[in-house]
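> As a plain string of letters, each chain reads:
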Amino acid sequence: MARRYDQRTTIFSPEGRVYQVEYAMTAIRHAGATVGILAKDGIVLAAEKKTTAKLLDSSTSISEKMFKIDEHVVCAVAGITSDANILINYARLSSQRFFYQYQEPMPVEQLVSQICDTKQGYTQYGGLRPFGVSFLYAGWDRHYGFQLYQSDPSGNFAGWKATSIGGENSQVAQSVLRSNYKPDISLKEALQLALKVLTKTMDRSNINSEKLEFSYFTKQGDNVVYHIFTAAELDAFIKETDLEQETEDN
Amino acid sequence: MARRYDQRTTIFSPEGRVYQVEYAMTAIRHAGATVGILAKDGIVLAAEKKTTAKLLDSSTSISEKMFKIDEHVVCAVAGITSDANILINYARLSSQRFFYQYQEPMPVEQLVSQICDTKQGYTQYGGLRPFGVSFLYAGWDRHYGFQLYQSDPSGNFAGWKATSIGGENSQVAQSVLRSNYKPDISLKEALQLALKVLTKTMDRSNINSEKLEFSYFTKQGDNVVYHIFTAAELDAFIKETDLEQETEDN
Amino acid sequence: MARRYDQRTTIFSPEGRVYQVEYAMTAIRHAGATVGILAKDGIVLAAEKKTTAKLLDSSTSISEKMFKIDEHVVCAVAGITSDANILINYARLSSQRFFYQYQEPMPVEQLVSQICDTKQGYTQYGGLRPFGVSFLYAGWDRHYGFQLYQSDPSGNFAGWKATSIGGENSQVAQSVLRSNYKPDISLKEALQLALKVLTKTMDRSNINSEKLEFSYFTKQGDNVVYHIFTAAELDAFIKETDLEQETEDN
Amino acid sequence: MARRYDQRTTIFSPEGRVYQVEYAMTAIRHAGATVGILAKDGIVLAAEKKTTAKLLDSSTSISEKMFKIDEHVVCAVAGITSDANILINYARLSSQRFFYQYQEPMPVEQLVSQICDTKQGYTQYGGLRPFGVSFLYAGWDRHYGFQLYQSDPSGNFAGWKATSIGGENSQVAQSVLRSNYKPDISLKEALQLALKVLTKTMDRSNINSEKLEFSYFTKQGDNVVYHIFTAAELDAFIKETDLEQETEDN
Amino acid sequence: MARRYDQRTTIFSPEGRVYQVEYAMTAIRHAGATVGILAKDGIVLAAEKKTTAKLLDSSTSISEKMFKIDEHVVCAVAGITSDANILINYARLSSQRFFYQYQEPMPVEQLVSQICDTKQGYTQYGGLRPFGVSFLYAGWDRHYGFQLYQSDPSGNFAGWKATSIGGENSQVAQSVLRSNYKPDISLKEALQLALKVLTKTMDRSNINSEKLEFSYFTKQGDNVVYHIFTAAELDAFIKETDLEQETEDN
Amino acid sequence: MARRYDQRTTIFSPEGRVYQVEYAMTAIRHAGATVGILAKDGIVLAAEKKTTAKLLDSSTSISEKMFKIDEHVVCAVAGITSDANILINYARLSSQRFFYQYQEPMPVEQLVSQICDTKQGYTQYGGLRPFGVSFLYAGWDRHYGFQLYQSDPSGNFAGWKATSIGGENSQVAQSVLRSNYKPDISLKEALQLALKVLTKTMDRSNINSEKLEFSYFTKQGDNVVYHIFTAAELDAFIKETDLEQETEDN
Amino acid sequence: MARRYDQRTTIFSPEGRVYQVEYAMTAIRHAGATVGILAKDGIVLAAEKKTTAKLLDSSTSISEKMFKIDEHVVCAVAGITSDANILINYARLSSQRFFYQYQEPMPVEQLVSQICDTKQGYTQYGGLRPFGVSFLYAGWDRHYGFQLYQSDPSGNFAGWKATSIGGENSQVAQSVLRSNYKPDISLKEALQLALKVLTKTMDRSNINSEKLEFSYFTKQGDNVVYHIFTAAELDAFIKETDLEQETEDN
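Chains A, B, C, D, E, F and G, in that order, give the protein sequences.
According to our numbering, the first sequence holds residues 1 to 250 in order.
According to our numbering, the second sequence holds residues 1001 to 1250 in order.
According to our numbering, the third sequence holds residues 2001 to 2250 in order.
According to our numbering, the fourth sequence holds residues 3001 to 3250 in order.
According to our numbering, the fifth sequence holds residues 4001 to 4250 in order.
According to our numbering, the sixth sequence holds residues 5001 to 5250 in order.
According to our numbering, the seventh sequence holds residues 6001 to 6250 in order.
Any given hint might turn out to be false.
Derived DSBU-like pairs (lysine-lysine); straight-line CA-CA distance at most 35 Å [to be verified]:
| id | chain 1 | residue 1 | chain 2 | residue 2 |
| --- | --- | --- | --- | --- |
| 1 | B | Lys1049 | A | Lys182 |
| 2 | A | Lys200 | B | Lys1049 |
| 3 | F | Lys5054 | F | Lys5188 |
| 4 | A | Lys68 | B | Lys1049 |
| 5 | C | Lys2200 | D | Lys3050 |
| 6 | A | Lys211 | A | Lys40 |
| 7 | G | Lys6050 | G | Lys6182 |
| 8 | D | Lys3068 | E | Lys4049 |
| 9 | E | Lys4050 | E | Lys4196 |
| 10 | D | Lys3050 | C | Lys2068 |
| 11 | F | Lys5040 | G | Lys6188 |
| 12 | B | Lys1182 | B | Lys1049 |
| 13 | E | Lys4200 | F | Lys5050 |
| 14 | E | Lys4049 | F | Lys5040 |
| 15 | A | Lys211 | G | Lys6239 |
| 16 | E | Lys4049 | D | Lys3188 |
| 17 | A | Lys40 | A | Lys239 |
| 18 | E | Lys4050 | D | Lys3200 |
| 19 | A | Lys49 | G | Lys6239 |
| 20 | D | Lys3188 | D | Lys3040 |
| 21 | B | Lys1050 | A | Lys40 |
| 22 | A | Lys196 | B | Lys1040 |
| 23 | G | Lys6040 | G | Lys6239 |
| 24 | A | Lys54 | G | Lys6054 |
| 25 | C | Lys2054 | B | Lys1068 |
| 26 | C | Lys2050 | D | Lys3196 |
| 27 | B | Lys1050 | C | Lys2188 |
| 28 | B | Lys1239 | B | Lys1040 |
| 29 | D | Lys3054 | C | Lys2040 |
| 30 | D | Lys3050 | D | Lys3182 |
| 31 | E | Lys4068 | F | Lys5054 |
| 32 | E | Lys4050 | D | Lys3196 |
Okay, the calculated beta carbon distance ranges per label pair [said to hold, decoys possible]:
| id | chain 1 | residue 1 | chain 2 | residue 2 | range |
| --- | --- | --- | --- | --- | --- |
| 33 | C | Phe2099 | B | Arg1097 | 22 to 32 Å |
| 34 | D | His3227 | C | Ala2232 | 24 to 34 Å |
| 35 | G | Glu6240 | F | Thr5051 | 54 to 64 Å |
| 36 | D | His3227 | B | Arg1097 | 48 to 58 Å |
| 37 | B | Glu1246 | A | Thr26 | 41 to 51 Å |
| 38 | B | Gly1121 | C | Asp2242 | 18 to 28 Å |
| 39 | F | Asp5242 | G | Asn6208 | 37 to 47 Å |
| 40 | E | Ala4236 | D | Glu3246 | 45 to 55 Å |
The hints are simulated quantities; they were obtained by calculation from the structure and are not laboratory data.
For every residue, glycine included, the Cβ atom is placed at its ideal position computed from N, Cα and C.
Using the sequences and the hints, build the whole thing.
Structure below.
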């Protein structure tokens, strides 16, 4: 049945489905898993890297999965990177334009909402395909403090305490998050939970700084600080967490 | 027969039907049921939540189904949320622009009518699909007081005293409403009727604050007030209603 | 044969037919019948209501089938209501713009002609479907006095003394009109004739104020007055007419 | 063979034909016949009416087939009336704009030529269908005096002394014209010839004022006058002509 | 093979052909033949008329095949007349605009080139069909004196001493021209040669003023003069030529 | 396999080919061969003429294959002439606009590059077909002196010392050029080499001024001079070369 | 399965793939291999030339595979050259416009990012095909010093220390790079590594200046210098490297 309705973006199938959006979501499943956790004192973004290219130039290609939009908001992507770039550029411009106009950082939800409206348009107008990318947005503003949002190719979005996008085992990831998240989780615990989620969904032998990216948002005094783990920091963190885990298990 | 006419938005089938609009309506049936009741002293909007994600951040994602358009008008949606967002943004803008121009709130019907004209266009022009979303609009203005409207993907709309959208058992919902509604219903009775409708159409075990959203519009002195039940308030209300029901039954 | 030519608005079939227009006319046949009669002292518009929703809010949804365009012209619709809304809005705007420019009411025929030109365009340009709606326009201007026009989805229109649109038994309706209309018919007789037409084409048990709408245009002194029957007025009129009928029959 | 080339306006078939234009001409054949004759002192336009609706309001729908474009030029149509309306409105506007600019009536041929260029465009651009209407234009200007033009859906036109459009028996009509037309024909003889043509192509029993329209252009002093026969005038004329005919035959 | 590539204007077939252009040329073959001959003291244009309508009004429809573009340039057409009209209007406008700008007649080749660029565009852009018309352009300018050009639906054109377009026997026409043309041909000889060409390609019985059009360009003193033969002149010329021919043959 | 991918300009086949471009190149193969040779003191352009029409007017249609773009640059074409005209007009305009802006001739490569960008666009955007024409550009500027460029329908171009386009035997032509070209070739030797190439690829009996076009660019003092051989010059040159050849062969 | 989804740019297949982008990548595989290596004191770009045309004019067609964008950035291409030209022109313009606005060279990554956004658009909008070209960008700016980027038809890009595009044996090339690259590689060693890569992926007999292009970026004092090897330099370098290799091997 699907066959007759899936070739055009802008039509409903008799069951009321828009197939192109569903296929775009499949594109995201091929990407590595990305986890976001909202802690009481910050936000964790952690991702599995699919590329093994050790020749990538880390000075210019800082991160494969995480992109800074503005001082107060970053995003992690799963899906087609060139599609993501377009939306990230658009988000950067929106954020700067807002600041220029109102002299204060753009509220995070407003930024997310604007990008999602653009995404939605690509699912409804003919001659376009949906953006093949899901996002986790992590940000801070004076209205709601730290916030974590997730959006998908349909343009749908919501605020989450902990969630994951991409990856073949996303069910597992969601369930690990559900059973381990607690409302007053600290940033450190959130980092450890993120590692736990990725450990459960990835091949164990890949749990190292070559296949993982970890970053977090936190506040230092009045400043919001975003930090991406260096390879050394990440390996040290993995080792330390392993030790603690063992201690805990004993 | 349907097969040959359903892939294009902008054509009639030989029986005079526009299939894409009918398929869009099917998309709405998959959504949870939403009930609206016009009481003599306010309006009730109540909905079934489909998402079970307990990790949703309730501070940013205030409501899954109900959206404030302006101080004097809100809407409840059934269908594709990202489609709904586009129309809600458009409604917010229209309402603010009206206020800016005339220094008084936009009449509710005029607002609904404007959004519906947009919806209609998406059923008549090529290269587009209809918006896959139905709305209940609840509002108050000085011309007609409290008002409740319902619109569907075709852009059709009408004012109702009590109605429901979405849900697989919408027939049941409509019939419960028809046999229980009385013209001089009070807000409290309306809340209880809404709960009754949802109890009849949903799995009984889901009748709790995790699967339901309740809100109402009322007047306090000269002010129109919109209130969404917190989880605690909702659970208390369900319990109280159950007791009353039993008392009544005995 | 039809099959190959009916999926595009903008082509002729080998027999010189434009199928999309013919299918749009089918859409109108599903609607309830609407009757218009031009009397010497006014115009009658009467319609069968298809919706049985007793919960419709009659204060905001004043009429299901009849819409005021301006003080001096109203219309009754048969077909897709959301399509009709677009054209009615357009008509209202045209009429007001005319008044603003020339300080006198827009001549009825000019208004009808303008709307029909819009309708025609939707049957000739690609990527559109025809408007699925027929209209009866009733109006008064100082050039031709009371006037009654009918238009269909092709954009064709003509002035009539008595006519009907919509309904499965439109042949019957037309024939009752033809055999009962007389040139010097009074408004009251016209109302009775309209009731007779609907009685012949509808299920007899539905002949009551829940399933019917009656309205008329007349002059009171120098003013043109448009009146829609309330439920009470309508039931009284039906009863009275029945009595007269019986008296007549005896 | 036709099948593969006839669904698109803008292509030639291998034999060099544009099928959509030919199908549009078929649409015209279904219309009633219309005859135009150029006399030495005027022009006759006569047509068969297809509609039998005795309830048509003759005060507003003055003529079914003949339309005044300006004081000095009228047209008779065969085909889709709503298509014709668009072109007639366009012609009226062109004619008025010309007068406004040059302070003299627009030359008839220039007017016809302009409309035909519009018609041609609809046969060459994608996403459109040709106008399904043929015209007879009758007019007078100071350059060429009385003139009669015929145009078809392709946008082709020519000046004629006597011609007919529409009708299933157009061959017969043309041949009656050819054998009866004489260069110095008077307006009265032209009226009689037109009646003869229609008598030969129509069902004899329909030769009355209900099924026919007659009109003529002539000069009274310096003024060009256009007159449409009333029902009474037309019936009288038919009777008188019959008598003469009989007299002649004897 | 042709089948798969001929329905779209804007594609090449695997053999590198553009079928729509070739089909447009077929359309021209159905038209009557038109001959152009460049003499030392003028240019001859002669054509076969296909229409037998003796009722055509010769005062307004001066010529069926030949059209004046400006004082110094005319054209003869073969193919779809309404397509030709569009290009001729365009040519007239271009010529007048040139004169207005430079105060001298537009060079003939520049005019032809401009029209041909328009023609070419219709063979390369989607959603259009080629113009189904070929032209002979005859003109005079101070740069090259008398000139004769031929263009076809592809937009290709070239200057010719003698050539023909249209007609089923165009091979014959070309060959008669090739064997009879001489570089210092006089206008009178050219007229006779044109008649000879048409005599060979048409049904002999049609060689009269009803089925032929003859015209020529020549200089009288400093003025370029264009003349179309009247019926009388043409018949006289045919008779005279026949006599000479016989004299010659004897 | 080709079948499914060749009907749309703007798609790649699974092997990464754009068929429409390849088909356009086939169109060029049907054209006569054209040879360009860069000599130390000029450039030779020589071509085979396909048209045998001895009635072509050589005063207006100066050359069938070679076109002057500006004083310092000419081109020879192979393919669809009307497509070529569009690009040549565009080139002329670009060149003049450049001169007007900078008061010096447009550098040849810049001109070629600009035309080729236009060509490329027609291979990538929907609703268009590629230009069915290849060019040899010969020019001189103060930056690189004499230059010879070749471009094809894809918009690809390169500078060459000697090359050929069009013709069924283009392999032969290329190989004759490769084995006979020497870096310090004189203009005269280049003319002879061009003749040799055409002699090898054409029917020997056509080696005369009716079937060939020869032209060259050279410098006389400070001036760049472009010369097209007259028929007499060309025949003399062929004869002379034949003699030399024979002398050489002996 | 692929068959049904690969003919439209703008749709996803059910597996979430965009076939047109994948086919465009196939087009690149047919091109010769191109290698880029980032050394501590410069960048090497080396490529295999596919064209054997010894008659190419090396003074105007300086390089087949490498193009200067600005003083501080060059690119090497693999794929359809005319597609590449469009993007290179666009890059040149962007770079110059940036300099004009900010009076400093455009940062390399910003330039690459801008071109890639353009590329992405051609994979998402209907009626277009993706650009069939991959790039290596080599550049220097004051922010990151020497940088090497690679982009593909999807618009994806990343910074690399060493990478290759095009060529049938791209796997081999990548693996040679991976096992031989060291972070502190000198420009000379990088040149030798590039030669090694090409030696492994090409036919050994083609390892000479006719089939190869070598260039590098380096700094001389404060200046960034880009140099393309002449044929002589290249042959000398190949010979020298061979000797060293042998010495090493012994």
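> Run every hint past the structure and note whether it holds.
Checked hints:
no., hint, in the structure
1, B/Lys1049 to A/Lys182, "22 Å, holds"
2, A/Lys200 to B/Lys1049, "30 Å, holds"
3, F/Lys5054 to F/Lys5188, "29 Å, holds"
4, A/Lys68 to B/Lys1049, "34 Å, holds"
5, C/Lys2200 to D/Lys3050, "27 Å, holds"
6, A/Lys211 to A/Lys40, "27 Å, holds"
7, G/Lys6050 to G/Lys6182, "30 Å, holds"
8, D/Lys3068 to E/Lys4049, "34 Å, holds"
9, E/Lys4050 to E/Lys4196, "18 Å, holds"
10, D/Lys3050 to C/Lys2068, "33 Å, holds"
11, F/Lys5040 to G/Lys6188, "38 Å, violated"
12, B/Lys1182 to B/Lys1049, "27 Å, holds"
13, E/Lys4200 to F/Lys5050, "27 Å, holds"
14, E/Lys4049 to F/Lys5040, "59 Å, violated"
15, A/Lys211 to G/Lys6239, "42 Å, violated"
16, E/Lys4049 to D/Lys3188, "33 Å, holds"
17, A/Lys40 to A/Lys239, "24 Å, holds"
18, E/Lys4050 to D/Lys3200, "27 Å, holds"
19, A/Lys49 to G/Lys6239, "42 Å, violated"
20, D/Lys3188 to D/Lys3040, "10 Å, holds"
21, B/Lys1050 to A/Lys40, "27 Å, holds"
22, A/Lys196 to B/Lys1040, "55 Å, violated"
23, G/Lys6040 to G/Lys6239, "24 Å, holds"
24, A/Lys54 to G/Lys6054, "39 Å, violated"
25, C/Lys2054 to B/Lys1068, "28 Å, holds"
26, C/Lys2050 to D/Lys3196, "51 Å, violated"
27, B/Lys1050 to C/Lys2188, "56 Å, violated"
28, B/Lys1239 to B/Lys1040, "24 Å, holds"
29, D/Lys3054 to C/Lys2040, "17 Å, holds"
30, D/Lys3050 to D/Lys3182, "30 Å, holds"
31, E/Lys4068 to F/Lys5054, "28 Å, holds"
32, E/Lys4050 to D/Lys3196, "28 Å, holds"
33, C/Phe2099 to B/Arg1097: 22 to 32 Å, "24 Å, holds"
34, D/His3227 to C/Ala2232: 24 to 34 Å, "53 Å, violated"
35, G/Glu6240 to F/Thr5051: 54 to 64 Å, "58 Å, holds"
36, D/His3227 to B/Arg1097: 48 to 58 Å, "55 Å, holds"
37, B/Glu1246 to A/Thr26: 41 to 51 Å, "50 Å, holds"
38, B/Gly1121 to C/Asp2242: 18 to 28 Å, "45 Å, violated"
39, F/Asp5242 to G/Asn6208: 37 to 47 Å, "41 Å, holds"
40, E/Ala4236 to D/Glu3246: 45 to 55 Å, "46 Å, holds"
In summary, the numbered hints that this structure violates are 11, 14, 15, 19, 22, 24, 26, 27, 34, 38.
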